[in-house]
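Chain residues, written in single-letter form:
Protein chains: 2
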Amino acid sequence: MAEIPYKIYLSESEIPSAWYNVRADMKQKPAPLLNPGTGEALKASDLYPIFCEELSNQEVDNDTKWFDIPGEILDFYKMYRPSPLVRAYCLEKELGTPAHIYYKFEGNNTSGSHKLNSAIAQAYYAKKQGLKGVTTETGAGQWGTALSMATAYFGLDCQVYMVKVSYEQKPFRREVMRTYGASVTPSPSMNTNIGRKINEEFPGTNGSLGCAISEAVEAATTQEGYRYVLGSVLNQVLLHQSVIGLETKAALDKYGIKADMIIGCAGGGSNLGGLISPFAGEMLRGEAKYDIIAVEPASCPSLTRGSYVYDFCDTGKVCPLAKMYTLGSGFMPAANHAGGLRYHGMSSIVSELYDEGLIRATSVKQTDVFDAAVKFARVEGILPAPESSHAIKVAIDEALKCKETGEAKNIVFGLTGTGYFDLVAYEKYNDKVMDDYIPTDDEIAKSLANCPKI
Amino acid sequence: MAEIPYKIYLSESEIPSAWYNVRADMKQKPAPLLNPGTGEALKASDLYPIFCEELSNQEVDNDTKWFDIPGEILDFYKMYRPSPLVRAYCLEKELGTPAHIYYKFEGNNTSGSHKLNSAIAQAYYAKKQGLKGVTTETGAGQWGTALSMATAYFGLDCQVYMVKVSYEQKPFRREVMRTYGASVTPSPSMNTNIGRKINEEFPGTNGSLGCAISEAVEAATTQEGYRYVLGSVLNQVLLHQSVIGLETKAALDKYGIKADMIIGCAGGGSNLGGLISPFAGEMLRGEAKYDIIAVEPASCPSLTRGSYVYDFCDTGKVCPLAKMYTLGSGFMPAANHAGGLRYHGMSSIVSELYDEGLIRATSVKQTDVFDAAVKFARVEGILPAPESSHAIKVAIDEALKCKETGEAKNIVFGLTGTGYFDLVAYEKYNDKVMDDYIPTDDEIAKSLANCPKI
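Those sequence lines, one after another, are chains A and B. Per my numbering, residue 1 is the first one in the first sequence, and the count goes up by one each step. Per my numbering, residue 1 is the first one in the second sequence, and the count goes up by one each step.
The set of hints was computed from the structure by calculation and includes no laboratory data. A quick note: this is a predicted structure, and the numbers were derived from the prediction, not measured. Don't take every hint at face value.
Any copy, or any two copies together, can satisfy a pair, since identical chains are not distinguished.
[Stated by the list, open to error] Straight-line C-alpha distance at most 27 Å; calculated DSSO-like pairs for lysine-lysine:
| # | residue 1 | residue 2 |
| --- | --- | --- |
| 1 | Lys-254 | Lys-7 |
| 2 | Lys-7 | Lys-78 |
| 3 | Lys-317 | Lys-258 |
| 4 | Lys-375 | Lys-289 |
| 5 | Lys-43 | Lys-127 |
| 6 | Lys-446 | Lys-289 |
| 7 | Lys-254 | Lys-78 |
| 8 | Lys-128 | Lys-403 |
With the hints as extra help, turn the sequences into a complete structure.
The following block contains the structure:
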């Protein structure tokens with residue numbers, strides 16, 4: 001076997017030609033979306049007014065194992081994929097660990113994160129359906145950035161509802177989206193009924209992700225030729241993101257490396273679900289065993305402290321209900337800088353795999369995460385996004401355990417993106433004014449009490 | 001010959017093992033640095049108080065053709081090199097040109113630019129000499145970022161003097177440097193004699209690159225165990241940056257592609273000089289012919305409107321004199337956002353090659369540059385730095401000429417970095433409030449009148 005390079009690059013011909021649908025290998029399927037009015041399970045056609053038809057079909061399809069990736073999407077993937085699987089030689093040396101650490105780096109594209117993998121797919125299906133454009137919400141801005149790139153590529157209009165506090169605090173994110181031709185509206189806005197209502201009830205509010213989702217859905221369903229798109233949580237998104245895991249597995253296989261642990265940060269579950277899909281599939285089929293760890297912020301611990309119930313996905317309660325590990329749709333996470341991990345719920349697929357014990361979860365504190373991020377940056381030369389750094393933190397912890405035990409485990413983690421737009425958070429860390437708020441049991445219980453009774 | 005992929009990746013074993021010194025193939029050598037007091041040519045040992053010894057030796061060595069790259073530097077290079085040579089299929093399609101466009105993308109590392117290639121080399125030699133740390137100046141911040149990464153890697157102290165206006169307008173650049181452990185001081189500061197003098201003479205001044213250089217040099221020469229490092233202009237920097245050109249040529253050769261045109265942006269000349277080195281070498285040896293174009297901003301046109309004379313490199317006039325195309329050391333470029341191209345002078349090597357007619361030069365207006373940048377970003381999925389976009393602008397112009405003539409030229413350009421930290425400029429462009437100031441002949445003549453009489 002050849003020496004393992006710092007970066008394992010696959011060739012363009014090794015980009016997966018199909019997405020893998022882990023649901024096909026799950027005996028217990030993830031729970032279906034429900035109509036919030038009637039409580040009935042939604043069929044694909046029920047979703048057509050909100051999502052593109054092909055995406056609606058993907059959303060409810062628990063049986064088709066492989067979905068061919070259309071050629072136009074593959075051509076776009078070739079501009080930034082395959083992404084490298086990096087052997088963290090320098091980090092290993094810094095830690096003095098016998099463990100072998102690998103990370104799948106998804107930040108090598110202008111959007112700066114893995115979100116582009118699904119954004120380009122969703123834009124493609126919108127274009128194929130002959131739509132004029134799409135609407136979406138964005139919090140930290142990674143998803144909005146990715147989507148604006150994807151819609152620019154296919155010549156679609158893109159309307160982004162950006163949580164007001166992010167719109168004001170992250171003007172550069174906003175400018176990237178505008179540069180790619182998207183219109184960006186601070187949410188709650190006066191453009192939608194739900195926005196006007198929220199502005200009236202809570203004058204001067206900073207907005208929230210749940211509110212921006214409601215606005216984007218309303219905007220999609222009230223404009224001719226528009227549909228709503230979402231960057232995480234949904235089954236379709238995890239399907240597209242399986243490209244991360246498939247490439248990771250192909251790169252490991254190429255060098256005869258068997259992963260022992262697979263670690264990913266988990267907000268809505270798009271990265272984690274994509275990264276672990278093929279590995280979880282092997283476990284579900286009884287072909288292999290991996291120690292899979294979902295890492296979430298202690299400030300928003302849906303897996304480790306939430307309940308596995310049906311809940312609302314948005315503040316306005318216009319979206320379908322999803323069964324998931326949730327902290328309650330009214331849960332307001334503390335100002336944790338990992339904006340991408342501040343969602344109250346979790347992908348139904350990840351929730352089900354977790355509930356079955358196929359994966360485990362842990363939560364980490366913000367300051368510890370930034371300690372790990374800075375250590376990583378200084379030796380590996382990549383400034384990681386705060387979200388990604390949750391995985392780094394646990395990978396380092398596990399590598400240090402190996403140092404104690406002398407085990408040479410193969411630790412694989414997902415580095416979902418870069419931190420170029422998160423320098424306000426780094427500044428707080430550098431100035432030692434970062435907070436580590438953790439919600440109380442009482443806060444979580446109160447929020448969970450408002451879940452629908454189903 | 002295999003189909004040309006979107007991204008030509010070399011393997012790690014194909015990273016050049018030696019830097020190429022184009023001076024060895026130049027019949028007319030670039031003019032030596034002169035002592036500003038005596039006007040005498042400087043030997044390597046004269047530079048030892050300012051630069052590390054090995055770097056001083058590299059600076060004056062016009063004869064050694066290849067310098068072996070030390071293993072420690074190669075190990076660092078492996079973390080982000082070889083960088084991809086990208087075939088711009090999508091841009092070609094957008095333009096409808098028969099030309100084949102390739103770009104060497106140097107933005108795939110956290111510093112976000114090619115500057116890291118020399119930063120890691122300079123940090124290595126400082127470490128090897130047993131120094132405590134280095135000092136430098138930074139304007140736009142690309143160089144300071146790269147250097148802070150490199151010094152963090154080798155455990156050296158790093159003191160950055162950042163032009164005050166950039167320090168205030170680019171807080172995120174500053175935070176990246178701090179995250180990598182550098183201390184960042186707005187210049188002019190009260191830390192140095194020259195800084196105090198300038199602050200006294202010009203209260204409230206915003207600073208300039210020439211002033212920050214003077215401060216950094218003073219800081220290096222008055223602290224035990226420190227030396228000064230510089231990210232462009234110098235021969236040693238172009239030597240290290242030859243890695244860009246060597247990889248580009250190796251990638252082209254691998255697929256049997258003969259470049260017709262090679263285009264690079266030119267500020268101090270670090271990227272252009274590195275990119276073209278091996279190609280210029282072939283021309284100097286009479287082995288090949290290329291159309292090489294240096295692109296500079298119309299607001300700071302040292303090659304196209306400057307004079308080829310000896311000039312000061314800094315405001316404080318503490319640095320050696322260099323013979324170069326210059327606009328005069330007192331030239332104050334308009335607030336062009338391509339901060340990395342705002343230097344009044346140009347690398348002596350590039351100046352000499354230009355003077356001999358081996359390369360040609362052109363200048364472009366800022367708004368046209370951003371037009372090109374946005375067009376490129378939307379189809380190629382990379383948000384380019386304003387500096388890099390100067391090359392994009394001319395590459396697009398040349399590709400459109402090919403569309404008229406029907407020629408299928410191979411156009412290669414250097415994409416030196418990403419624009420993540422340049423969103424203020426993009427915002428101005430998006431808001432259509434970008435200016436296009438071009439200096440008058442009179443302004444340039446007045447500035448040139450202050451060059452030393454040698």
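Evaluation of the provided hints:
1. Lys-254 / Lys-7: Both, since 13 Å and 20 Å are each at most 27 Å.
2. Lys-7 / Lys-78: both (17 Å within a copy, 8 Å between copies)
3. Lys-317 / Lys-258: neither (44 Å within a copy, 60 Å between copies)
4. Lys-375 / Lys-289: neither (30 Å within a copy, 47 Å between copies)
5. Lys-43 / Lys-127: within (23 Å within a copy, 65 Å between copies)
6. Lys-446 / Lys-289: Neither, since 38 Å and 75 Å both go past 27 Å.
7. Lys-254 / Lys-78: Both, since 20 Å and 19 Å are each at most 27 Å.
8. Lys-128 / Lys-403: neither (52 Å within a copy, 30 Å between copies)
When held up to the earlier numbered hints, the structure conflicts with 3, 4, 6 and 8 and fits the remainder.
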